[in-house]
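Student: The lines below spell out each chain.
There are 4 protein chains.
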Amino acid sequence: MKFHESRVRVRYAETDQMGVVYHANYLVWMEVGRVEYCRAAGIRYKELESHGGIFLAVAEANCRYLYPARYDEEVGIRTSIESANPRMVTFAYEMRELSADRKLVTGVTKHVFLGPDLKPRKLPERYRPAFGI
Amino acid sequence: MKFHESRVRVRYAETDQMGVVYHANYLVWMEVGRVEYCRAAGIRYKELESHGGIFLAVAEANCRYLYPARYDEEVGIRTSIESANPRMVTFAYEMRELSADRKLVTGVTKHVFLGPDLKPRKLPERYRPAFGI
Amino acid sequence: MKFHESRVRVRYAETDQMGVVYHANYLVWMEVGRVEYCRAAGIRYKELESHGGIFLAVAEANCRYLYPARYDEEVGIRTSIESANPRMVTFAYEMRELSADRKLVTGVTKHVFLGPDLKPRKLPERYRPAFGI
Amino acid sequence: MKFHESRVRVRYAETDQMGVVYHANYLVWMEVGRVEYCRAAGIRYKELESHGGIFLAVAEANCRYLYPARYDEEVGIRTSIESANPRMVTFAYEMRELSADRKLVTGVTKHVFLGPDLKPRKLPERYRPAFGI
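Protein chains in written order, with this note's numbering: chain A, 12 to 144; chain B, 12 to 144; chain C, 12 to 144; chain D, 12 to 144.
Same shape as in the complex, but just chain A (with noise of 0.2 Å):
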């Protein structure tokens, strides 16, 4: 799978005073690029946590700010893999307005594999295909 698109709609929770996104909030927009990613890509990213003991936390997070988003609008979150093996995978995203297509934010995450006491676990086999392992 070369990308997942996801949409998300600016709620007003999700703005400050200054009248646009809170700039935190995109790194929960790429969460949910990441977890319908995975989704499509065959996992569910509540299985993986629940039966397959494996969590992605979270080891670095880069945005690149280039426009901002308001309230209502429509963003569409395209997500894609941009490396992974059995320990790590690095997400790239990239966040448009859609109405006017206009770019907003670009960013990656990079995650580790961990297991359910939190230390360092190789992703089982049978979830790699998915990671295009």
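These are computed hints drawn from the structure, not numbers from a lab. Any given hint could turn out to be false.
Note: identical chains are not told apart, hence a pair may lie in one copy or across any two.
Stated by the list, open to error - Below, a list of computed lysine-lysine pairs in the DSS-like style, where the Cα atoms sit at most 25 Å apart:
no.	residue 1	residue 2
1	Lys13	Lys121
2	Lys114	Lys57
3	Lys114	Lys130
4	Lys121	Lys133
5	Lys133	Lys57
6	Lys57	Lys130
With chain A's structure known, arrange chains B, C and D on it following the hints.
Tutor: Okay, now just chains B, C and D, sitting in the frame of chain A:
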């Protein structure tokens, strides 16, 4: 203990595009007040969960919004216990903007004590005095 | 319009360490329901603010938490208007986990109409029908 | 001023079902650090906005997550200015769990100065010393 007073300073993240604190955040501040009340009464809520195996699930929350808090203001949260028994506890809150001493929000949260299975469980004896039971 | 039904999927960000949705987030979902109700009734809340100069300030919020929502569940928000006049409107909400059709939370939010100065202002005539006034 | 140290206590609302602080919240704490840095340097960020007509828009944010913070822990945020000129400023952050003095997160946020129209604007002379310009 009659009441406990906590303080928070309004974060930018807590404002919305109306230029005031987004209303759901007062529930978060009530949680701050509740936790600090318990700490002052001799219970770390963290230990209630980890050692006591007791969770305080919110069963009801009511807020009256009288005046909006704004960015960077210091807000005092006066927390008291309205009623308590081994099955549930009701906290009452009054929040004020401290520099003008203006009342912002009053509210109540009603909680049931749950075990680690998230089913109702009586509060163990040793924790009762802190709740005035 | 009797009621409007919106949907949200629970985000990881919305859970807490009890493994369920943090209670303040239901207020955010009520906002989602309210905005979608208005949109279905012919009013974009965004335009109400920007063109109408009308803000819906929350004066009161009441929630009853019956059953916790969990990560990745789909939640239906049924929003209706309980009462309305040119000075205020009260919305009622019922939220259900959709796969098991289990009732999660019921609640009410009471709003006053404000002008851009955040002082009370009567709802202009042209917006009244959408609120059933 | 070399750096400024702020403190936050982890709120329940800031945890997620992994039992640790949800990663986006560290960006909120960076904001707390930044605002307190400015206050210690003689600028209330609130006045920068309201009187100076200057907004600090986030252009870039980078976080490295080394160790997770947990509920009720006290976190120290050490904030410094990495570089600054009349058009932009870069803040650096180091966050530590205070009781074990364990490093949690390091990060950087890069900001551009904007006017009330959200277009780039040079920082007025009178505010420059606080940013070491």
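Student: None of the hints should be skipped; say for each whether it holds.
Tutor: Hint check results:
1. With identical chains, the CA atoms of Lys13 and Lys121 are at most 25 Å apart within one copy only, with a shortest distance of 18 Å there and 31 Å across copies.
2. In the homo-oligomer, the alpha carbons of Lys114 and Lys57 lie at most 25 Å apart only across protomers (21 Å), although the nearest pairing inside one protomer, at 30 Å, exceeds that limit.
3. Proximity of Lys114 to Lys130 under the C-alpha cut-off of 25 Å is restricted to the inter-copy arrangement: shortest distance 17 Å between copies versus 37 Å within a copy.
4. In this assembly of identical chains, Lys121 and Lys133 lie within 25 Å of each other by CA distance solely inside one copy; the values are 15 Å within and 35 Å between copies.
5. In this assembly of identical chains, Lys133 and Lys57 lie within 25 Å of each other by CA distance solely inside one copy; the values are 18 Å within and 31 Å between copies.
6. In this assembly of identical chains, the alpha carbons of Lys57 and Lys130 lie at most 25 Å apart whether taken from the same copy (19 Å) or from different copies (22 Å).
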